[in-house]
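Protein chains in written order, with UniProt numbering: chain A, 1 to 423; chain B, 1 to 423.
Any given hint could turn out to be false.
Computed list of lysine-lysine pairs in BS3-like fashion (alpha-carbon distance at most 25 Å, straight line) [stated by the list, open to error]: (1) B:185 - A:188; (2) A:185 - B:20; (3) A:4 - B:20; (4) B:419 - A:125; (5) A:268 - A:304.
These are calculated hints, taken from the structure and not from any lab test.
There are 2 protein chains.
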Amino acid sequence: MAHKKVVILGGGFAGINVAKILGGDMNCHVTMIDRGNHHLFQPLLYQVAMAGLNPSDIASPIRSMLRRYDNIFTLMAEAQQIDVERRVVMTDFGDREYDYLVVACGATHDYFGRDEWEEFAPGLKTIPQATEIRRRVLTAFEAAERTYDLEEQTKCMTFVLVGGGPTGVELAGAIAEMAHNTLKKDFKTIDATHAKVILVQSGDRILKQFPASLSAYSKDALASLGVDVRLGSRVTDITADGVQIGDEFIAAKTVIWAAGVKANPIGKSLGAELDRAGQVVVGNDLTIAGHPEVFVIGDQASAKDEDGKMLPGVAPVAIQQGQYVGKLIRREAAGKATVPRRPFHYRDKGQVATIGRRRAVMQSGRLRLTGSIAWLGWLFIHILYLNGFRNRLFVFFSWAWSYVTFARGARLIVPKRWKNNIN
Amino acid sequence: MAHKKVVILGGGFAGINVAKILGGDMNCHVTMIDRGNHHLFQPLLYQVAMAGLNPSDIASPIRSMLRRYDNIFTLMAEAQQIDVERRVVMTDFGDREYDYLVVACGATHDYFGRDEWEEFAPGLKTIPQATEIRRRVLTAFEAAERTYDLEEQTKCMTFVLVGGGPTGVELAGAIAEMAHNTLKKDFKTIDATHAKVILVQSGDRILKQFPASLSAYSKDALASLGVDVRLGSRVTDITADGVQIGDEFIAAKTVIWAAGVKANPIGKSLGAELDRAGQVVVGNDLTIAGHPEVFVIGDQASAKDEDGKMLPGVAPVAIQQGQYVGKLIRREAAGKATVPRRPFHYRDKGQVATIGRRRAVMQSGRLRLTGSIAWLGWLFIHILYLNGFRNRLFVFFSWAWSYVTFARGARLIVPKRWKNNIN
Numbered sequence: 001m002a003h004k005k006v007v008i009l010g011g012g013f014a015g016i017n018v019a020k021i022l023g024g025d026m027n028c029h030v031t032m033i034d035r036g037n038h039h040l041f042q043p044l045l046y047q048v049a050m051a052g053l054n055p056s057d058i059a060s061p062i063r064s065m066l067r068r069y070d071n072i073f074t075l076m077a078e079a080q081q082i083d084v085e086r087r088v089v090m091t092d093f094g095d096r097e098y099d100y101l102v103v104a105c106g107a108t109h110d111y112f113g114r115d116e117w118e119e120f121a122p123g124l125k126t127i128p129q130a131t132e133i134r135r136r137v138l139t140a141f142e143a144a145e146r147t148y149d150l151e152e153q154t155k156c157m158t159f160v161l162v163g164g165g166p167t168g169v170e171l172a173g174a175i176a177e178m179a180h181n182t183l184k185k186d187f188k189t190i191d192a193t194h195a196k197v198i199l200v201q202s203g204d205r206i207l208k209q210f211p212a213s214l215s216a217y218s219k220d221a222l223a224s225l226g227v228d229v230r231l232g233s234r235v236t237d238i239t240a241d242g243v244q245i246g247d248e249f250i251a252a253k254t255v256i257w258a259a260g261v262k263a264n265p266i267g268k269s270l271g272a273e274l275d276r277a278g279q280v281v282v283g284n285d286l287t288i289a290g291h292p293e294v295f296v297i298g299d300q301a302s303a304k305d306e307d308g309k310m311l312p313g314v315a316p317v318a319i320q321q322g323q324y325v326g327k328l329i330r331r332e333a334a335g336k337a338t339v340p341r342r343p344f345h346y347r348d349k350g351q352v353a354t355i356g357r358r359r360a361v362m363q364s365g366r367l368r369l370t371g372s373i374a375w376l377g378w379l380f381i382h383i384l385y386l387n388g389f390r391n392r393l394f395v396f397f398s399w400a401w402s403y404v405t406f407a408r409g410a411r412l413i414v415p416k417r418w419k420n421n422i423n
Numbered sequence: 001m002a003h004k005k006v007v008i009l010g011g012g013f014a015g016i017n018v019a020k021i022l023g024g025d026m027n028c029h030v031t032m033i034d035r036g037n038h039h040l041f042q043p044l045l046y047q048v049a050m051a052g053l054n055p056s057d058i059a060s061p062i063r064s065m066l067r068r069y070d071n072i073f074t075l076m077a078e079a080q081q082i083d084v085e086r087r088v089v090m091t092d093f094g095d096r097e098y099d100y101l102v103v104a105c106g107a108t109h110d111y112f113g114r115d116e117w118e119e120f121a122p123g124l125k126t127i128p129q130a131t132e133i134r135r136r137v138l139t140a141f142e143a144a145e146r147t148y149d150l151e152e153q154t155k156c157m158t159f160v161l162v163g164g165g166p167t168g169v170e171l172a173g174a175i176a177e178m179a180h181n182t183l184k185k186d187f188k189t190i191d192a193t194h195a196k197v198i199l200v201q202s203g204d205r206i207l208k209q210f211p212a213s214l215s216a217y218s219k220d221a222l223a224s225l226g227v228d229v230r231l232g233s234r235v236t237d238i239t240a241d242g243v244q245i246g247d248e249f250i251a252a253k254t255v256i257w258a259a260g261v262k263a264n265p266i267g268k269s270l271g272a273e274l275d276r277a278g279q280v281v282v283g284n285d286l287t288i289a290g291h292p293e294v295f296v297i298g299d300q301a302s303a304k305d306e307d308g309k310m311l312p313g314v315a316p317v318a319i320q321q322g323q324y325v326g327k328l329i330r331r332e333a334a335g336k337a338t339v340p341r342r343p344f345h346y347r348d349k350g351q352v353a354t355i356g357r358r359r360a361v362m363q364s365g366r367l368r369l370t371g372s373i374a375w376l377g378w379l380f381i382h383i384l385y386l387n388g389f390r391n392r393l394f395v396f397f398s399w400a401w402s403y404v405t406f407a408r409g410a411r412l413i414v415p416k417r418w419k420n421n422i423n
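Same shape as in the complex, but just chain A (with noise of 0.2 Å):
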């Protein structure tokens, strides 16, 4: 039996999941296409933009974590339409047929239509979103410092995090404790732990993934480091001077969004069915309408549980899904495959946010768990699930080195121009 072509896109949980189980399976020919040579453990990003992190503790060459597997070829390069009808991924390296196809290109954010906010208030996907943000906190910092027009300053110390999900929760934890832990000492003329937070959430409570209990503990947890949390608020329009929130004009050179996602749009080369996110809705064995060699996982996908709901978009679901799709093609491609497919079944372990030092939330089937415990926990799961033991082991030690110092490790401002002779 010839082998079969595999072609992966995306390097994220999702895709790197799919190509470890296929590591090493000679029925296969895989290659792994990514635009970028690192898998990211995008659950930290956070804290490189908080400059707690450097983005090579949360990052790892997807060729040197693929290097072990002969039967796997990684390409860094930007696939730009898909022909579900020929077989083919064209990129900008070439053409690349395939017998099986995994979309896994993930999410970005969704300014409803707004695109032009980006500018003012960058969302946080990527290593250079996450190192803008931390020049722009560190900079309006040092602006505060030098101005000496007391309306500026206070526009300058006033952050903004649009969107109350757990990125919006840990950025705001974090930038809080920033101000009142780090800087406390380093500035002359501004006091830093006057900065103001200030977290919108349109619902009516924040981390709404979790129960009513923990959304009500995180709340008080963010109050209590200095958070103004506003619920039930709805931004609607962000400038270079601020957010207005209804008639409310709020004065702010930092904003950051964490609000809505919207899927990578190459899902829409492959003509299916797509949601208003414009993830492609797949069927329950993760494959497209008509396409059973078509499969469509982690951010991008649109998929449902047993029960009919939505499955969230969240790292345990793409890495469940990347495992489901690797077994899958490696039955089927050895002949030992059951028709009709076993359906994809998602295993929902709980889940976990954290909002500062010793103050996290954690719920898991029925237990539901607050305070240095589940900060813990929180600590101990992500360390686990990182990838690589160097790592595993760099993040354990800033950690360390942070909770005994205060101190945050990757502060700097970094220009972007490299260049010294201006031509």
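Based on the hints, put chain B in the right spot on chain A.
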């Protein structure tokens, strides 16, 4: 007696050492001005460029380094002009008067009138330059893996370093080791060990600051790593396609400039004598003629030792000059000055340069060391002089890890653009 207003321009080795000596001295009110927010340990910058260390491992926020001194005000601003008659520094933040001025803005690369080469051959003085070089080197291997054109592949895998000083030697050794060890198993199409690394030196030996025997050892050590050292070769042109050396054109995608140096142009506004490299000529107390209150130190100064020999542009000179100026200002501000001033005396403790794994050269007085022992000496000295316990610890861990695994911790190709939505 009223306190003295001291303004320091530049937070490098020279400036930061002035500040540290004056820290806590209530006879002086000190303003430290730097356009960045961090002090950089430049001797390890090549390791950031070579993906061995993270930027934040070798940088510390100036504000944090000086936070404990109540008499020091740190300002992130760009000095634009100096008026030595009115004793005022003009910055983009406003004017700043001084009783003593310390100018320590360092130097950048000199392309000897061919500034257009910078685009194709970045230098290595700042963090953005280091990450730009990292991006280019890693991307070159990715591009080689993607192409079917053998000529293009060879061009992608050819790396030319211009300049045989410590930076050129360290970069050449590091690229060769990366190709031979780190990347060897990562690629399927190309054989990374076929990478060509060419070090171009106009003089008749590399590391000409060192004794001739150590230059010869270094050349052999580089050759054993596969580096092609071209002595007596002068670059006559650099384009996007490669480097012209006399009659020979070397096709190369990656060229790095480690040759000439020129001082920061702010020195011009002092109205003092400049040398060919734009460095400010100073007397034996490191001040400019006619202005005993204006010191110029570090890479920006053209200073001579007692024998009339130019002091080299290295960290130990900058550090000792900073300490000398700090102590001198402190004594004068306290009214304990000696007239005339005791001249600056440089204590040369020797020098060290690394070529690669267990290969280095070291010279101190009549002592000359090579190989493992010089390499261990190099490691020890650099850990010792790094700023802050955290950075020492993390650099030590990174090195230990790389030594054992041959891996590099910071192998990220990070795009410059952070926006997702194209407006």
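Hint check results:
The hinted pair formed by residue 185 of chain B and residue 188 of chain A fails the criterion: a straight-line CA distance of about 52 Å is larger than 25 Å. A C-alpha spacing of about 17 Å is found between residue 185 of chain A and residue 20 of chain B, which places the hinted pair at or below 25 Å, so the restraint holds. Annotation: proposed proximity of residue 4 of chain A to residue 20 of chain B is violated, straight-line Cα distance about 66 Å (limit 25 Å). For the given pair, residue 419 of chain B sits about 10 Å from residue 125 of chain A by alpha-carbon distance, which is consistent with the 25 Å threshold.
Restraint check for residue 268 of chain A and residue 304 of chain A: the C-alpha separation of about 20 Å stays at or below 25 Å, so the hint holds.
In this structure, the hints that do not hold are numbers 1, 3, in rising order.
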